[in-house]
Structure formats: structure tokens, C-alpha cells
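Just so you know, the sequences run in chain order W and U. Following the numbering used here, the numbering of the first sequence begins with 347 at its first residue and continues without gaps. Following the numbering used here, the numbering of the second sequence begins with 887 at its first residue and continues without gaps.
None of these hints come from the bench; they were simulated from the model. Be careful, since some hints might not be right.
Reference excerpt, derived from the structure (chain U facing chain W, CB under 10 Å, subset only) [to be verified]:
id	residue
1	Tyr918
2	Asp919
3	Arg920
DSSO-like cross-link-like pairs, simulated, lysine-lysine; straight-line CA separation at most 30 Å [what the hints assert, rightly or not]:
id	chain 1	residue 1	chain 2	residue 2
4	W	Lys410	U	Lys909
5	U	Lys1026	U	Lys1069
6	U	Lys909	W	Lys487
7	W	Lys509	W	Lys565
8	U	Lys909	W	Lys565
9	U	Lys909	W	Lys509
10	W	Lys487	W	Lys565
11	W	Lys487	W	Lys509
Okay, the calculated bits of chain W under chain U, using three or more residues with CB under 8 Å as the criterion [as the list claims (entries may be wrong)]:
id	segment
12	391-405
13	416-430
A virtual CB, placed ideally from N, CA and C, is assigned to each residue, including glycine.
Here is what each chain is made of, one letter per residue.
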Amino acid sequence: MNASDHNRWSEDLAAYMLGALEGDEATAYERHLEGCERCQEEMRWLEPAVQTLPESVERAEPTKQLRESLMAEVRADVREAESRSAPARPRRKWFLRPAIGFAVVALLVAGVVGYEVGKDGSDEGGGGSTIVRQVDGLTVKMVQEGESGTLQLEGVGQLPSQKVLEAWVERDGQVEAVPALFVPDRHGHAETTIADMTGVDTVMVTEEPPGGSEAPTGKPIMTMSLN
Amino acid sequence: MAVRREKAERLADEELMPLVGRKDPEAFEVLYDRHGGAAYSLAYRVVGDRAAAEEVTQEAFISVWRSGARFDAARGSVRSWLLSVVRNRAIDFLRSRAGKAPKLTFDDDSVLEQRPAEERTEEEALRHETAAELRGAIGKLPGEQSKVIELAYFGGFSHSEISRILGLPMGTVKGRMRLGLEKIRGELAEGLA
Chain W
347 MNASDHNRWS EDLAAYMLGA LEGDEATAYE RHLEGCERCQ EEMRWLEPAV QTLPESVERA
407 EPTKQLRESL MAEVRADVRE AESRSAPARP RRKWFLRPAI GFAVVALLVA GVVGYEVGKD
467 GSDEGGGGST IVRQVDGLTV KMVQEGESGT LQLEGVGQLP SQKVLEAWVE RDGQVEAVPA
527 LFVPDRHGHA ETTIADMTGV DTVMVTEEPP GGSEAPTGKP IMTMSLN
Chain U
887 MAVRREKAER LADEELMPLV GRKDPEAFEV LYDRHGGAAY SLAYRVVGDR AAAEEVTQEA
947 FISVWRSGAR FDAARGSVRS WLLSVVRNRA IDFLRSRAGK APKLTFDDDS VLEQRPAEER
1007 TEEEALRHET AAELRGAIGK LPGEQSKVIE LAYFGGFSHS EISRILGLPM GTVKGRMRLG
1067 LEKIRGELAE GLA
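Turn these sequences into a full structure, and let the hints guide you.
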């Protein structure tokens, strides 16, 4: 592409970034942009200017009703999803596959034997219990209140790029994923909630790709027996 | 199961997004609390009506919630991405309300006043007048440049529509957009220096 061709496209850059190109023009520009490093560079330079525009508007406060209405819709979605998945939740399909199931149980057993290095203390009473242990260099605190529990990890290092933490529980010899993924904060604290602790024998945490996995894909960073 | 609220509050936006993708309402709530005000302000700036701005804001956040984590960290911050979702929703709202070419009947001076007259209370008129003066680096732009940028970004007009509204060649409109953005960028760079 010669300089004249580039200038023709470059003239459209600001209009494209402001959303002012018509549909076909925008599509054509995006095709050009994919292969033009010079335009990509110009766009990266101008991007902060476009990002300033929404920040520059006079501040207006939404009503509390907006937040309430929004969260009501969100929680209704969650309830609906939970009710849809409830019959299938107790036993994940992946566990029915013998090879994967065996591997997971093996990981758990190996984890309990290999990673748990000592029990620091536990406390029971008031309808709840707390277990604190040093496991594989991490301080692990398992707080149970009623049927639910909170798994807290201290000393977790920075995760590799594009990784999150996913917890797994074993009960009755079967392994289930804990739905909420989590990540450590800057102080190395990571925490997730386990909704149903009934019959849970072992808790394990692995690093997984964003969005989580249906079955553990890597070596656990922590495996703790609750017995 | 959701992470606890206090835990979610300690996470950066980029850390919240995977949780939102996994349908964690606590993470989503924190995201809204951080950016809902800016999102609503932007929606209000575009549509010029409080009820419509709330509708747009709610639709935008629900689309983020239901679409999962489509956010791409390589393309900017979560906040910028969220605001771009809100802006697009608001422009769609304007277009659906007014038809395909909604505001071409307005003249140059009134084109930024998009709301029905009965909605312009004194307070709103004051707010709108102030909002017309874009703050900071944007406020320093020559009027001819800020006008085309406002018409495009906040009004949702294409460059050809702006050309017709202002009676200018399309090349001039695009040139002013470019000069305006470059000037804002220069001001930002100077501010960082």
C-alpha cells in the first residue's frame, strides 16, 4: 500500500473511532485495520482521547430503584439457572467417565497424602466449625456455617496470565466443581464459598482457564481432607 | 455460588469479569456500584431523559450479565468497555425512538437539544447547558471540532449526516473529527508529562 492509499484510510480513522462511519464503511475499515499496522498504531494513540468522551459528561445520579431493579433481574436469572440445573447438579457428567473420574480421585488421594503437612487447629461450636491448616505452603481456613462453608487461602502467589482458581469437593467418592471461580488479591488472599458442605470429605483447588473447567486440568495447589 | 460481597469489593475490575462470566451476582453488583453512575450519566447525556437513561443503563448491564465475559482485556479497561456498551445502547435507543435518520430536521443550533421541550426543566436545562461544555481537554477544542465530535459520539450521527446538518463537505467533517481527537490526545499527553 502506498502513502496515498494509507492517507485515504487514515482520514476515516477518527470517524470510525467515533462510530460515525456507516455500516458498510465501518466493515471495510475494520478489514483494512486488521492488516494495517500503521492505522492500528494511530488508533492506539488516539484511543485515550475517545475514552475521555464518556468520562467528560456531567455526573448524574441514577435512582436506587435502578440498582434494585437490575439486581432483582440478575438474581432472578440465577434462581432460574439453579432450578434448571438442580436435577443434574449432584453428579457431574464428566465424573461418569471412568478415566477422568479415576484421575480426579487419584489427584485427591495424592493431594491429601502429599500436600497436607499438618493440622494447626480447629474450633467447633455455635452451629459452625473452623479448620485451619498449613497445606503445601498455604494457610487454609475452612469455615463451616450450617450447610455452607467458606474456603479461605492465604499465601497464594500471583496466578499465571489467563488463569483463575477453581475449587472442587469430594463427597461419597464423587467430585464436584464449586461454581464460583476466584482469584487471589494482591495480598495473596483467595476465598470462595461452598454452598453445600453436606458430606464433603475433601476440598481441592486447581488453576483453571477463565470460565473454569468441567474437570480439574492441572495439579492441585491445595488438597485438604476434612476428616 | 457467589463470592462474598466484601471479597468481591477487593478485586480489580479485570478480576471481577471472570466471576461475572460465571454468573456471580455479588461480582456483578460490585461492577455496577463502581461504574453504574458513569454509565447512567453517559446514557443520560445521550438520550436526555432520566427514565430512558435508566432503561438504557439497565439494558446495557443486563446484556453484559447475560452475554458472559466477552470483555477483552487486550482492548482496554473494563470501564471503557462498559461505557462503550452503554453508549451503543443509548444510540440504538435514540435511533429506535426517532426513526432511522432521527434528527436531520433539527437545525445547527438545536441539534444537540434532543429532548422534547416539556422535559426541559430549569434544572435539566442548566445541566444540559453545562454538559454541552465538555470538560477538561475537550473543553479546549475549537467549537467547530467539538461540535462534530459531539454530534458523532453523543448524537450518534454518521459523518455523512453531520455533513448534511452542518452543510460541510464530508472531508471537512472527518478532518475536524481527526483534528479534535488529536488535540484532546495532545492535551492528555501534556497532562501526563
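To see whether the hints hold, each was checked on the structure:
Checking Tyr918 of chain U against chain W: minimum C-beta separation of about 6 Å stays under 10 Å; hint holds. The interface hint given for Asp919 of chain U holds, since its Cβ lies 8 Å from the closest Cβ of chain W, which is under the 10 Å cut-off. Of the supplied interface hints, the one on Arg920 of chain U is violated, with its beta-carbon coming no nearer than about 12 Å to a beta-carbon of chain W, more than 10 Å. Using a Cα cut-off of 30 Å, the hinted pair Lys410 of chain W and Lys909 of chain U holds, with the two alpha carbons roughly 22 Å apart.
Annotation: proposed proximity of Lys1026 of chain U to Lys1069 of chain U holds, straight-line Cα distance about 9 Å (limit 30 Å). For the hint linking Lys909 of chain U to Lys487 of chain W, the alpha-carbon distance of about 25 Å falls within 30 Å, and the restraint holds. With a CA separation close to 13 Å, the supplied pair Lys509 of chain W and Lys565 of chain W stays within the 30 Å bound. Proposed proximity of Lys909 of chain U and Lys565 of chain W is supported: the alpha carbons are some 26 Å apart, at most 30 Å.
For the proposed pair Lys909 of chain U and Lys509 of chain W, the alpha carbon gap of about 17 Å is at most 30 Å, so the pair holds. In summary, the hint linking Lys487 of chain W to Lys565 of chain W is supported, as the alpha carbons are separated by about 20 Å, within the 30 Å threshold. Of the pairs offered as hints, the one joining Lys487 of chain W and Lys509 of chain W holds, with about 22 Å between alpha carbons and a cut-off of 30 Å not exceeded. Three residues within the 8 Å Cβ limit are the bar, and the segment 391-405 of chain W against chain U gives 15, so the coverage statement holds.
Under a criterion of three residues with beta carbons nearer than 8 Å to beta carbons of chain U, the stated coverage of the segment 416-430 of chain W is upheld, 8 such residues being counted.
Of the numbered hints listed earlier, the single one contradicted by the structure is hint 3.
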